[in-house]
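For this one, chain F is given, so just place chain X on it according to the hints.
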Amino acid sequence: MTEAALPAPVSAPAVDRERLAAVGFVLPSFVIIAGVFALPLVLLLGVSIVDANGLTFAHYKRLLGTPYYLGVIWNSLRLGLLTTLIAFLISYPAAFALARARGPLRSVLLATLFLPLAASVIVKAFAWTILLRSDGIVNETLMALGIIEDPIRMIFTETALIVGAVNIFLPFMILPIYAIVAQLDPRYAEAASTLGASPVVTFFRVILPLTLPGIIAGVALVFSLSVSAYVVPTLLIGEKYPTLATTIAKAYLLAREPGFGAAAGVVLLAIAIAIVALSARLSREPK
Amino acid sequence: MMTRTAIIVCWVMAIGLALFLVVPLLVIAAASFSPTPVFDLPLTGASTRWYGRIARLDGFWPSLLLSLQIALFSTAISLVCGTLAAIAIARGKLPGAGIFATALVSPLMMPGLVLGIALLQGFRAVGFTAPWATLLVAHLVITLPYVARTMIAGLARFDFTLIEAARTLGCTYPGSVLRVMVPALAPSFLIAGIFSFLASFDNYPVSIFLADVRTKTLPIRMLQYIEEAPDPTLAALSTLILAGTVILLVVSDRVVGLHRMAGTSD
Chain F
1 MTEAALPAPV SAPAVDRERL AAVGFVLPSF VIIAGVFALP LVLLLGVSIV DANGLTFAHY
61 KRLLGTPYYL GVIWNSLRLG LLTTLIAFLI SYPAAFALAR ARGPLRSVLL ATLFLPLAAS
121 VIVKAFAWTI LLRSDGIVNE TLMALGIIED PIRMIFTETA LIVGAVNIFL PFMILPIYAI
181 VAQLDPRYAE AASTLGASPV VTFFRVILPL TLPGIIAGVA LVFSLSVSAY VVPTLLIGEK
241 YPTLATTIAK AYLLAREPGF GAAAGVVLLA IAIAIVALSA RLSREPK
Chain X
288 MMTRTAIIVC WVMAIGLALF LVVPLLVIAA ASFSPTPVFD LPLTGASTRW YGRIARLDGF
348 WPSLLLSLQI ALFSTAISLV CGTLAAIAIA RGKLPGAGIF ATALVSPLMM PGLVLGIALL
408 QGFRAVGFTA PWATLLVAHL VITLPYVART MIAGLARFDF TLIEAARTLG CTYPGSVLRV
468 MVPALAPSFL IAGIFSFLAS FDNYPVSIFL ADVRTKTLPI RMLQYIEEAP DPTLAALSTL
528 ILAGTVILLV VSDRVVGLHR MAGTSD
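Protein sequence lines correspond, in order, to chains F and X.
End of the first sequence = 287 in the working numbering, gap-free, step of one.
End of the second sequence = 553 in the working numbering, gap-free, step of one.
No lab work stands behind these hints, which were simulated from the structure alone.
Check before you lean on any hint, since a few could be wrong.
In silico EDC-like pairs for lysine to aspartate or glutamate, Cα to Cα no more than 20 angstroms straight-line [said to hold, decoys possible]:
hint, chain 1, residue 1, chain 2, residue 2
1, F, Lys61, F, Glu257
2, F, Lys250, X, Glu515
3, F, Lys250, X, Glu514
4, F, Lys61, F, Asp51
5, X, Lys380, X, Asp446
6, F, Lys240, X, Glu514
7, X, Lys380, F, Glu18
8, F, Lys250, F, Glu239
9, F, Lys240, F, Glu158
10, F, Lys250, X, Asp499
11, X, Lys380, F, Asp16
12, X, Lys380, X, Glu451
13, F, Lys240, X, Glu515
Rough simulated footprint, nothing fancy, chain X against chain F, three-plus residues with beta-carbon under 8 angstroms [unchecked claim]:
hint, stretch
14, 26-40
15, 119-131
16, 166-178
17, 253-261
Examples of chain X residues toward chain F, derived with CB under 8 angstroms [to be verified]:
hint, residue
18, Pro311
19, Arg378
20, Met396
21, Leu510
22, Ile513
For every residue, glycine included, the Cβ atom is placed at its ideal position computed from N, Cα and C.
Looking at chain X on its own, in the form it has when it is part of the complex:
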């Protein structure tokens, strides 16, 4: 099917790509143990003192708390709204379902910065300026497309006659949804939840226009630290976030399998 050279080229590219993608993550982890304030790599020793300094970063705790709150709430709301919409689209009883499905995922392809300034103008025009609330509402547009995309793909494989079967067997409609559909779609929920949480937690281009001096999300703070005084404390913080993500991914790989994530994230 393929010539020998082509196969070798493919493998070289795949392994090169894997290394290239992992390098920055390894560098961050290594830099976080730097014994000196400059990033002396390769390491001449190891120190964990930068981890202790994370908590003392200016404005760190309020920013972390804010980012976690916004990510959790926006993901929860998007999971409910996006799943309902995906059900209506998948059942095919909705006029114009195809167009609506495209509209739901279209924010993914739009420049985040443009969405940020559009929301800033829009919220100002209607006098909606409370930073926490504007951030939450704005992040719904960031998280909803991830949920919609994953749930539409997941529901396309779900057999709705199973619900009819459960009802024939004596289940109530809400009962059959909870006991048949929700467990069958658990992997999709998990994937949608993880991706939308991370999309919100990492967002910079939309948040920057809605934050004020006292309400700054973690990515805004981090970019500020990097531009002001980059030191290994930031690498330590990044490593902790990365470690949290690794744990999340390993757990979800145990539950649903990473190859399924690859299949649904196109």
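Isolated chain F (complex conformation):
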């Protein structure tokens, strides 16, 4: 019997050694994530509730109890929501076209997604300040086409902010959706229509549920990026649209109020964690 002569696949000490090796392999990354990510965030929470006199919730009262700062929080959420919604409405249908594209067309379309992704946010926001100036191309074009008579003020408006934010965060929406759509088996939709489903029913009952993981990933990513954007509002709208991000920067870099800045940071962090938790929950939910 040759089977009896073979050693057991893995003996008990070998399992221990492999487990030990695995722990050794993750140790450097664990130290980085724990020491330079998790621990500082916990400390930040501490800074936001402790001052020279001990425990205080004054910073949170100021943030959540004054109309001005509630407006600031709403500004951040509004920026996140509008950017995410518009980016989704553009990206979802575009992902289907991208998935059908072949050959050079696909390469060109993919390049237009990756190129801006690789360009600095500062560079792109700067480009929009040039584009949207009152003597900028957008105004000149609209005037040349006779749509408007006088240049309209675009830079430092909410429109400029949203256009810039959508432009900068769009690739993060379409890439996860495209990754799912490209793997979509067309036979599911064919089966649905063979069985008598109308295109609308097929879309809502078959295609939309199948592509949901990509939508959730894209929406979560774009919302968490745009709700906390700093460079985009700073360059495209400025002081008159204060957000949590600009409040944090101001508290640390100008006003020297670390406690208040930390509290604003914790609120922004809570929003981001809520998004991550919600998206993880949604993508795990059985269909």
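For chain X alone, coordinates are given in the frame of chain F:
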């Protein structure tokens, strides 16, 4: 499968999206050749003098050097640490591997500015204030998630029995890793390296809280130039950075193919 109108809508959106994404990049490139100090577009002539002025921007060279150093070192360290962690996760011998994999990529979803102030407080608390070193350590948290995400995805497709096969055929363990696993994972390494380098090189929200007057990364300098006196010099600098990125992308497309990058970057 889809009605005719839906297909047309999809194509219109895709082409509109492609144009919309490329417009700011074209504007920057065009503005860099502006003959006048204001951005007169469409161009009435062309001038390359702004390119000559990049080198004379206040504090440009030290900032460029600093950003390159931080991006290179943090990417190199993250590639080693992240790949080791990804191997342990992919082999499935690690208790709690799923949770750890999530923790590794979680900084990607956290607001950069919040990470910046948290690190500022943390480094101050332990008396670690040397700007260069704090920037490097901070950028490890920025680059590690990109490496971990790409390498975990890459290793999920790697067949570890290949290493056993190489060892059966007489290769040593390190030898089989170097000669079998590293070549098989080369595309993942390249993608992870590019994304983490760019993430570090472009980072503003974390760096701003750790930099001081003498130690400013390039993005901090650039935002400062834009806020103080925006002129076509900045467009010229942006165009050069963009051109460098294009070359990097074209080369990596030749080596691994862009569609693979799309697949692994979700």
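Now for the hints, and whether the structure bears them out:
Among the hinted pairs, lysine 61(F) with glutamate 257(F) is consistent with the structure: their alpha-carbon atoms are about 15 angstroms apart, no more than 20 angstroms. Between lysine 250(F) and glutamate 515(X) the CA atoms are separated by roughly 18 angstroms; this keeps the pair inside 20 angstroms, and the hint holds. Among the hinted pairs, lysine 250(F) with glutamate 514(X) is consistent with the structure: their alpha-carbon atoms are about 16 angstroms apart, no more than 20 angstroms. Taking the CA atoms of lysine 61(F) and aspartate 51(F), the gap is near 14 angstroms; set against the 20 angstroms cutoff, the hint holds.
With a C-alpha separation of about 15 angstroms, the suggested pair lysine 380(X) and aspartate 446(X) falls inside the 20 angstroms cut-off, and the hint holds. With a C-alpha separation of about 16 angstroms, the suggested pair lysine 240(F) and glutamate 514(X) falls inside the 20 angstroms cut-off, and the hint holds. Note on lysine 380(X) and glutamate 18(F): the hinted pairing holds, with a Cα-Cα distance of about 7 angstroms set against a maximum of 20 angstroms. Proximity of lysine 250(F) to glutamate 239(F) is assessed by CA-CA distance (about 11 angstroms); at most 20 angstroms being required, the pair is judged to hold.
Taking the CA atoms of lysine 240(F) and glutamate 158(F), the gap is near 10 angstroms; set against the 20 angstroms cutoff, the hint holds. Our distance criterion of 20 angstroms between C-alpha atoms is met by lysine 250(F) and aspartate 499(X), whose separation comes to about 16 angstroms. A distance of roughly 9 angstroms separates the Cα atoms of lysine 380(X) and aspartate 16(F); the hinted pair therefore holds under the 20 angstroms criterion. Pair hint lysine 380(X) plus glutamate 451(X) holds up; C-alpha atoms about 16 angstroms apart against a cutoff of 20 angstroms.
Taken as a hint, the lysine 240(F) and glutamate 515(X) pair is honoured in the structure, with Cα atoms around 19 angstroms apart against an allowance of 20 angstroms. Judged by the Cβ-Cβ criterion of 8 angstroms, the stretch 26-40 of chain F is covered by chain X as claimed, because 11 of its residues qualify and three suffice. Residues of the stretch 119-131 of chain F lying with their CB closer than 8 angstroms to a CB of chain X number 12, which satisfies the three-residue condition for coverage. Coverage of a stretch by a chain is defined here by at least three residues with a beta carbon nearer than 8 angstroms to that chain's beta carbons; for the stretch 166-178 of chain F and chain X the count is 7, and the condition holds.
With a cut-off of 8 angstroms between beta carbons, the stretch 253-261 of chain F has 3 residues touching chain X; three or more are needed, and the interface restraint holds. A hinted interface residue such as proline 311(X) counts as satisfied when its beta carbon comes closer than 8 angstroms to some beta carbon of chain F; here the least separation is about 3 angstroms, so the hint holds. Satisfaction of the interface hint for arginine 378(X) is found here, the shortest Cβ-Cβ separation to chain F being roughly 7 angstroms, below the 8 angstroms cut-off. Checking methionine 396(X) against chain F by beta carbon gives a least distance of about 5 angstroms; that is within 8 angstroms, so the hint holds.
About 5 angstroms separates the beta-carbon of leucine 510(X) from the nearest beta-carbon of chain F, less than 8 angstroms, and the hint is met. At about 5 angstroms, the closest approach between the beta carbon of isoleucine 513(X) and any beta carbon in chain F falls short of 8 angstroms, and the interface hint on this residue holds.
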